[in-house]
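S.K.: Next come the chains, spelled out residue by residue.
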Amino acid sequence: IAQRERSRAAAEEIDAYIDDLQRKLSYLARVQGFSELPPDILQTFLEALTRHNTAYESVAATDNRGRLVSAVAPYGHGFENDLTDSLAFRRAYQEHEDFFSPVEFGPAIQVPLVTMAVPIRDMQDEIAGALVAKVNLGFLWFVVSKTEVGDSGYAYLVDDRRFLVVQKGDLPKTGVLEDLSKRRFIQELIVARGEPPVITYHGLRGTKVLGTSARIASVNWHVVVELPLSEAYAPVRRMLIFIGGTLVLAMLAALGLGLYFSGQAVLPLEKLTAASQRIQSGDFAVRVHVESGHELGMLATTFNTMTTRLQELIAGLERNVAEREKLIDELETKNTELERFTYTVSHDLKSPLITIKGFLGMLEQDVLAGDRERLETDIQYIANAADKMYHLLEDLLELSRIGRMVNPSEGIVLSELLHEALELVSGRISQKGVRVDVAPDLPAVYGDPIRIREVFENLIDNAVKYMGEQPEPHVEIGMRKDQDDRIFFVKDNGLGIESAYHDKVFDLFEQLNPNKEGTGVGLATVKRIIELHDGRIWVESEGMGKGTAFCFTLGKEKTQL
Amino acid sequence: MSEKASTILLVEDNPAHAELIIRIFQQHCIANTLYHMQDGEEALNYLFRKGDCTHPESSPRPDLILLDLRLPKKDGFEVLQEVKNSENLRKIPLIVLSTSDAGQDIRRAYAAHANSYLMKPVEFQKFAELLDRVAVYWLHWNCRMR
Numbered sequence: 001i002a003q004r005e006r007s008r009a010a011a012e013e014i015d016a017y018i019d020d021l022q023r024k025l026s027y028l029a030r031v032q033g034f035s036e037l038p039p040d041i042l043q044t045f046l047e048a049l050t051r052h053n054t055a056y057e058s059v060a061a062t063d064n065r066g067r068l069v070s071a072v073a074p075y076g077h078g079f080e081n082d083l084t085d086s087l088a089f090r091r092a093y094q095e096h097e098d099f100f101s102p103v104e105f106g107p108a109i110q111v112p113l114v115t116m117a118v119p120i121r122d123m124q125d126e127i128a129g130a131l132v133a134k135v136n137l138g139f140l141w142f143v144v145s146k147t148e149v150g151d152s153g154y155a156y157l158v159d160d161r162r163f164l165v166v167q168k169g170d171l172p173k174t175g176v177l178e179d180l181s182k183r184r185f186i187q188e189l190i191v192a193r194g195e196p197p198v199i200t201y202h203g204l205r206g207t208k209v210l211g212t213s214a215r216i217a218s219v220n221w222h223v224v225v226e227l228p229l230s231e232a233y234a235p236v237r238r239m240l241i242f243i244g245g246t247l248v249l250a251m252l253a254a255l256g257l258g259l260y261f262s263g264q265a266v267l268p269l270e271k272l273t274a275a276s277q278r279i280q281s282g283d284f285a286v287r288v289h290v291e292s293g294h295e296l297g298m299l300a301t302t303f304n305t306m307t308t309r310l311q312e313l314i315a316g317l318e319r320n321v322a323e324r325e326k327l328i329d330e331l332e333t334k335n336t337e338l339e340r341f342t343y344t345v346s347h348d349l350k351s352p353l354i355t356i357k358g359f360l361g362m363l364e365q366d367v368l369a370g371d372r373e374r375l376e377t378d379i380q381y382i383a384n385a386a387d388k389m390y391h392l393l394e395d396l397l398e399l400s401r402i403g404r405m406v407n408p409s410e411g412i413v414l415s416e417l418l419h420e421a422l423e424l425v426s427g428r429i430s431q432k433g434v435r436v437d438v439a440p441d442l443p444a445v446y447g448d449p450i451r452i453r454e455v456f457e458n459l460i461d462n463a464v465k466y467m468g469e470q471p472e473p474h475v476e477i478g479m480r481k482d483q484d485d486r487i488f489f490v491k492d493n494g495l496g497i498e499s500a501y502h503d504k505v506f507d508l509f510e511q512l513n514p515n516k517e518g519t520g521v522g523l524a525t526v527k528r529i530i531e532l533h534d535g536r537i538w539v540e541s542e543g544m545g546k547g548t549a550f551c552f553t554l555g556k557e558k559t560q561l
Numbered sequence: 001m002s003e004k005a006s007t008i009l010l011v012e013d014n015p016a017h018a019e020l021i022i023r024i025f026q027q028h029c030i031a032n033t034l035y036h037m038q039d040g041e042e043a044l045n046y047l048f049r050k051g052d053c054t055h056p057e058s059s060p061r062p063d064l065i066l067l068d069l070r071l072p073k074k075d076g077f078e079v080l081q082e083v084k085n086s087e088n089l090r091k092i093p094l095i096v097l098s099t100s101d102a103g104q105d106i107r108r109a110y111a112a113h114a115n116s117y118l119m120k121p122v123e124f125q126k127f128a129e130l131l132d133r134v135a136v137y138w139l140h141w142n143c144r145m146r
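For the protein sequence lines, the chains are X and W, in the order given. Mapped onto this note's numbering, the consecutive letters of the first sequence carry residue numbers 1 to 561. Mapped onto this note's numbering, the consecutive letters of the second sequence carry residue numbers 1 to 146.
Same shape as in the complex, but just chain X (with noise of 0.2 Å):
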């Protein structure tokens, strides 16, 4: 585009230097009388002519035949005297027609020449000859020359033959005009009509260019302007090199950017995704950190929120699922008990009922056969099964009753209270000759103290019940510390218990010695307490004639003092 401007620019200024020169010529032409003027008259207007420009190489005015009437060439370079046989008078004569000769080189200066003519008219407005001029077209180099086309860009003047004749930077050297009118470039460049193109094609100086081209409209001249392409592109391979340029940095920022939000947005869309898996597989205990006080900030806070209530909500569940398990657990254990239980007492309550049934029988045969000493015996059988009844009775109602437990739970001293379990079982103790040995620095313990000292008191009972014939019988009352655990012991030197019954003498109604007194249900209760109290209870012992050793602990930790 700038191409075309430059040669539309120059074409102009030549259309105009040349239609100033011609315009001259015709304001002369057009004066009526001019070739009657005196000839010193005539040679004056041809002078002020040549000064006037001096593109003109020289002016002639010619009379009707042709000859030189009058003549002026400062240069030196006029005219032969006759010109009848021009073409330039025949034309501005004969023809009336103004002429503008394509342009030849002068013969004896090397400067490109166009000769012009325009007829010339008497005092009646006749034509009367011509007025002819040489002109100069040096000053078409200097145009052309200074048409700047970029730095390595050229302008060159193609006259109506599309003959080369001026081109920038050079002066014409030889007398012989370029041909250029079989260039395909040129055929392209100048139209007959409308816009010249703008268009890619070798040059004039053998390079590739970008080339375009104006018309001279007074004389159908042509400025063509060229610009290599190497430079035509220059400022498009600039701005390739700027977009490229920008592009890269803005792929930069982007990616900048992109990292930026993926730490702002990605990473915590992926923390929170992360954090649903693990919720998915039952981790509730996850909490996303996102910070960041946008919608994902947001979000997050609410996914946290949301996971806290349901973590709450399913310990709240699991709390209640755990408390029914163990309610069911109570109640199964129970109503085997319970079975357990009434099977028992049939047999149990039963079991005297017939031997006092059955002795009161024998009681009628002894008083009929008078045997007194039998009838006591009888009657001892009978007191003694309805003894055990009393006692059955006695210890299946405190077994109900260790079910509740009535009494809440304090601190205890076990000094204290071991002190006074030996004091309900002392009768035993000293009949049997028991030594009792209490360890000095029982811890205090917490629970109900009325049922732990059952405990003890069954316990110390037992141990002391099942002696055997032990000639030094002893029974020991201590704590041993196993890790956490603290366990409670009593322990005697005398049976034993054989490993198989380890855990069935703590069943209900359960005797390992029939001979022995006792209903069967004083270890049940003992392990129904420890049981309350979150304890266990178990029987260490060698084997019979080892002796034995009830061992127990009391819950946990927090329910100890």
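Rather than coming from a laboratory, the hints here were simulated on the basis of the structure. Beta carbons are placed, not taken as given, at the ideal position from N, Cα and C, and that holds for glycine. It cannot be assumed that every hint is accurate.
Said to hold, decoys possible - Computed footprint of chain W on chain X, listed as stretches where at least three residues anywhere in the stretch have a Cβ under 8 Å from a Cβ of chain W: (1) 352-363; (2) 376-390.
What the hints assert, rightly or not - Calculated lysine-lysine pairs in the DSSO-like style (CA-CA distance at most 27 Å, straight line): (3) W:Lys-91 - X:Lys-334; (4) X:Lys-491 - W:Lys-74; (5) W:Lys-126 - X:Lys-357.
Using the hints provided, position chain W relative to the given structure of chain X.
M.R.: Positioned in the frame of chain X, the structure of chain W alone reads:
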């Protein structure tokens, strides 16, 4: 009633009941010899001639076993099972004599091939009559292995 010498093994943990049974047998002149064992372990030692009862003469094969179910140490069912698993002992008529009338006990006893299941009557007369009939049936009417 033919007075053949017969031996009864009584397995009974309740001393009063044992005394009652022994006395009824004596009054009815039922058994020449009655061995009384107080728990399941004693009974099995006697039958298998282990522990204190290794001598065949001191522990002769009984003609009838009267077995209580609720026994200390090894209970009646264990005794029943071991007897009926033994090639020699399973031929001896074994009669369960229990206070229990629980269906599960009765089923379990028969499942273990008890020959009979009897419940101890509370009434003395009935108890005496029961033992008399048992002895008559199992020791006299019932043909014994020879």
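S.K.: Confirm or reject each hint.
M.R.: Evaluated hints:
| no. | hint | verdict |
| --- | --- | --- |
| 1 | 352-363 | holds (count 10) |
| 2 | 376-390 | holds (count 3) |
| 3 | W:Lys-91 - X:Lys-334 | 42 Å, violated |
| 4 | X:Lys-491 - W:Lys-74 | 25 Å, holds |
| 5 | W:Lys-126 - X:Lys-357 | 11 Å, holds |
In this structure, the one hint that does not hold is number 3.
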